[in-house]
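Enquirer: Produce the entire structure from the sequences given, and follow the hints as far as they go.
Just so you know, the protein sequences line up as chains A and B, in that order.
Under this note's numbering, the residue at position 188 of the first sequence is numbered 188, and the numbers go up by one with no gaps.
To convert a position in the second sequence, counted from 1, into this note's numbering, add 366.
Just so you know, the hints here were simulated from the structure itself, not pulled from any lab data.
Keep in mind that the hints are not guaranteed to be accurate.
[Claimed, not checked] In silico DSSO-like cross-links for lysine-lysine, where the CA-CA straight-line distance does not exceed 27 Å:
{"no.": "1", "chain 1": "A", "residue 1": "29", "chain 2": "B", "residue 2": "479"}
{"no.": "2", "chain 1": "A", "residue 1": "299", "chain 2": "B", "residue 2": "382"}
{"no.": "3", "chain 1": "B", "residue 1": "589", "chain 2": "A", "residue 2": "47"}
{"no.": "4", "chain 1": "B", "residue 1": "557", "chain 2": "A", "residue 2": "30"}
{"no.": "5", "chain 1": "A", "residue 1": "47", "chain 2": "A", "residue 2": "32"}
{"no.": "6", "chain 1": "B", "residue 1": "590", "chain 2": "A", "residue 2": "39"}
{"no.": "7", "chain 1": "A", "residue 1": "314", "chain 2": "A", "residue 2": "299"}
{"no.": "8", "chain 1": "A", "residue 1": "5", "chain 2": "B", "residue 2": "557"}
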Amino acid sequence: MLNPKLQEWMTRGYVKVGDISYNIALNMKKGKNFTASQKSRYEQGIKLYLILDVLFRHVTFQETTNVPTLWRITEVQTNALVRCLIKIGELDKVPVVPSLFPTSKPTVIQTGAQGATVTGPAGTNANINVVLKAGEKQLKISQSVILGVKTFELSFVTYVLPQLLVEIQGGKIFEIGDDRNFNINITTQKGTQNLVTYLCDSGAVNTTLQGVLNIIAANDIALQPYQVVVPVTTQQISQTFIITINDGVNNVVVMDTINFYHPFLFGATTGATPTLYTSLSKLIAAQANRSFAFNDVDKYFWICYPSSYGTLTKIRDANGFNVISDFTTAVQNVTSTGLDNNYTEEYRTYRTIVKTSIDDSYSIEF
Amino acid sequence: MALERIWCLASRTQDKTIGTFTDETVYGGANLLRNQEAHFIVIAKMDFNQQLTVIANIDNSDPLNELSYQFAVSADGAYRLIAFNPAFFSASVNYVVGNIVWQGSSASFYKAKAISGVATTPYTPSVTVGWENYWDLITDFSEELENPLVNMYIHDDIVTFNFEECLMTELEEINDDILCGICTNFQDLIKVNSMQLLLAGANSNNWQGKQEKSEVILVEATKKFCC
Numbered sequence: 001m002l003n004p005k006l007q008e009w010m011t012r013g014y015v016k017v018g019d020i021s022y023n024i025a026l027n028m029k030k031g032k033n034f035t036a037s038q039k040s041r042y043e044q045g046i047k048l049y050l051i052l053d054v055l056f057r058h059v060t061f062q063e064t065t066n067v068p069t070l071w072r073i074t075e076v077q078t079n080a081l082v083r084c085l086i087k088i089g090e091l092d093k094v095p096v097v098p099s100l101f102p103t104s105k106p107t108v109i110q111t112g113a114q115g116a117t118v119t120g121p122a123g124t125n126a127n128i129n130v131v132l133k134a135g136e137k138q139l140k141i142s143q144s145v146i147l148g149v150k151t152f153e154l155s156f157v158t159y160v161l162p163q164l165l166v167e168i169q170g171g172k173i174f175e176i177g178d179d180r181n182f183n184i185n186i187t188t189q190k191g192t193q194n195l196v197t198y199l200c201d202s203g204a205v206n207t208t209l210q211g212v213l214n215i216i217a218a219n220d221i222a223l224q225p226y227q228v229v230v231p232v233t234t235q236q237i238s239q240t241f242i243i244t245i246n247d248g249v250n251n252v253v254v255m256d257t258i259n260f261y262h263p264f265l266f267g268a269t270t271g272a273t274p275t276l277y278t279s280l281s282k283l284i285a286a287q288a289n290r291s292f293a294f295n296d297v298d299k300y301f302w303i304c305y306p307s308s309y310g311t312l313t314k315i316r317d318a319n320g321f322n323v324i325s326d327f328t329t330a331v332q333n334v335t336s337t338g339l340d341n342n343y344t345e346e347y348r349t350y351r352t353i354v355k356t357s358i359d360d361s362y363s364i365e366f
Numbered sequence: 367m368a369l370e371r372i373w374c375l376a377s378r379t380q381d382k383t384i385g386t387f388t389d390e391t392v393y394g395g396a397n398l399l400r401n402q403e404a405h406f407i408v409i410a411k412m413d414f415n416q417q418l419t420v421i422a423n424i425d426n427s428d429p430l431n432e433l434s435y436q437f438a439v440s441a442d443g444a445y446r447l448i449a450f451n452p453a454f455f456s457a458s459v460n461y462v463v464g465n466i467v468w469q470g471s472s473a474s475f476y477k478a479k480a481i482s483g484v485a486t487t488p489y490t491p492s493v494t495v496g497w498e499n500y501w502d503l504i505t506d507f508s509e510e511l512e513n514p515l516v517n518m519y520i521h522d523d524i525v526t527f528n529f530e531e532c533l534m535t536e537l538e539e540i541n542d543d544i545l546c547g548i549c550t551n552f553q554d555l556i557k558v559n560s561m562q563l564l565l566a567g568a569n570s571n572n573w574q575g576k577q578e579k580s581e582v583i584l585v586e587a588t589k590k591f592c593c
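Expert: Written as structure tokens, this is what we have:
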């Protein structure tokens with residue numbers, strides 16, 4: 001990237017050439033033209049002049065915007081020349097005092113929108129406001145008083161990303177057929193910029209959520225952090241709620257998910273052909289390698305899950321031994337009971353071949 | 367709308383003895399026309415203490431139209447142009463001693479030597495009988511440089527004609543050596559580089575409005591390299 005202070009360094013370099021030349025001329029006037037320091041000034045000045053000559057010939061600045069244009073020179077070369085200019089001219093050690101233009105009357109910006117140009121009498125207090133326009137970076141004014149000199153500094157406010165929190169209240173994992181009513185808490189904290197968009201991208205509940213995502217309220221300083229509670233009723237299927245906010249600079253995307261699964265069924269039975277759904281315990285969870293605690297005597301032990309998960313490769317006892325050969329596997333339909341919407345799902349079953357006694361945790365691997 | 371005065375040291379004659387200041391101010395449009403102002407130009411050589419030596423024979427024969435003014439160049443260094451811009455005479459104004467006006471029908475400048483005007487008795491210079499008791503015809507403004515009662519615009523600039531010619535000669539000699547198959551003495555290059563540095567330094571100070579420093583640089587550089 002081109003040195004952002006290119007024009008300033010070239011200007012300071014040119015001023016330095018003027019200063020060096022004047023010092024050389026003063027020494028000439030005093031007859032001190034052959035001293036070592038005079039030669040050193042010549043050397044410094046000539047080097048600066050040569051660098052500036054190259055820059056002046058190859059860099060032009062747009063008249064109103066001061067945007068530089070390079071001609072037959074690269075940014076890297078230009079920056080290297082500027083570094084040499086600063087080093088040789090010791091420009092970073094020389095304070096540059098800008099010209100002062102005395103004014104007899106301060107310009108007073110009255111309350112209200114920027115742009116008031118009323119001129120007040122000398123001594124009138126001036127109000128300085130910074131108004132952020134669309135597409136502009138936010139600015140701040142800071143004030144300091146040192147030895148009676150009041151200085152106002154205009155600077156960019158450090159950019160802060162807006163914050164977003166999306167959280168489904170209550171549990172997030174339920175059995176298929178168990179219709180759920182719940183709330184989603186959505187909390188936003190605006191950053192330096194106002195939010196431009198505030199959306200829910202989840203198609204099924206889009207309409208429900210969009211109505212409460214109030215961007216005006218979300219930008220209200222007095223309401224920060226801004227929270228809305230969105231009620232969702234009769235949810236039956238797994239759903240991810242994706243909220244996206246955008247402040248004109250960045251997107252912030254946060255999501256939360258409610259999941260519905262057919263349960264794992266596990267436990268022990270006296271008979272070999274029980275009604276699985278009512279005789280066994282339920283573990284409502286996604287498909288994964290899992291462990292089940294068994295504790296019974298002289299029973300058949302079962303591990304069942306939706307057949308769509310496939311078959312197991314291993315069933316390990318508490319000591320880690322694969323005991324899958326001690327189980328027999330089959331597929332059968334399981335019908336739920338007691339749910340809002342009962343289902344019948346094909347399950348794969350693993351059952352100990354013979355009755356046995358287990359007081360331990362068994363784990364399964366797909 | 368106030369005019370933004372722009373003056374430039376625009377050209378010189380071949381023999382470097384005459385320079386020309388031009389008035390690049392934008393007249394007309396929303397601004398006054400050129401002939402709605404009467405100018406009288408004084409040009410002076412300025413030394414490093416800003417002491418002025420007025421240059422004679424500046425052609426001020428056309429105050430309402432002229433846009434360029436030639437002046438004799440005595441030496442390189444700082445020069446000051448003072449553009450006097452006296453108001454047009456008005457019978458509705460009260461004049462005090464020292465006021466200078468342009469009187470259109472006589473196409474001349476006049477300086478008040480007594481109070482006159484609408485509050486007392488208006489005397490139009492060159493017109494009203496007895497005007498001579500109130501006004502003096504003025505053809506030389508070199509005595510008015512300190513007059514606070516007349517509008518004037520000051521433009522400082524530097525003349526480098528002779529030093530540039532001197533530098534050019536040095537460069538030509540180096541080029542001649544090269545063209546004649548003589549390897550250029552490195553010391554000669556340092557001399558040229560030094561001259562270029564001092565010329566750039568003089569221009570830098572001129573750009574900064576420090577013509578008195580430019581004056582010192584040009585005087586000393588000329589003594590060292592061009593004598």
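Enquirer: Does each hint fit the structure? Answer for all of them.
Expert: Here is what the structure says about each hint:
1. Of the pairs offered as hints, the one joining residue 29 of chain A and residue 479 of chain B is violated, with about 46 Å between alpha carbons and a cut-off of 27 Å exceeded.
2. Restraint check for residue 299 of chain A and residue 382 of chain B: the C-alpha separation of about 122 Å exceeds 27 Å, so the hint is violated.
3. As the CA atoms of residue 589 of chain B and residue 47 of chain A are separated by approximately 23 Å, the hinted pair is consistent with the 27 Å bound.
4. At most 27 Å may separate the alpha-carbon atoms for a hinted pair to count; residue 557 of chain B and residue 30 of chain A meet this at roughly 20 Å.
5. For a cut-off of 27 Å, the pair hint linking residue 47 of chain A to residue 32 of chain A stands: about 21 Å separates their Cα positions.
6. Straight-line distance between C-alpha atoms of residue 590 of chain B and residue 39 of chain A comes to about 14 Å, which keeps the hinted pair within the 27 Å bound.
7. Straight-line distance between C-alpha atoms of residue 314 of chain A and residue 299 of chain A comes to about 21 Å, which keeps the hinted pair within the 27 Å bound.
8. Restraint check: the Cα-Cα separation between residue 5 of chain A and residue 557 of chain B comes to about 32 Å, which exceeds 27 Å; the hinted pair is violated.
The structure fails hints 1, 2 and 8 (numbered hints given earlier, in ascending order).
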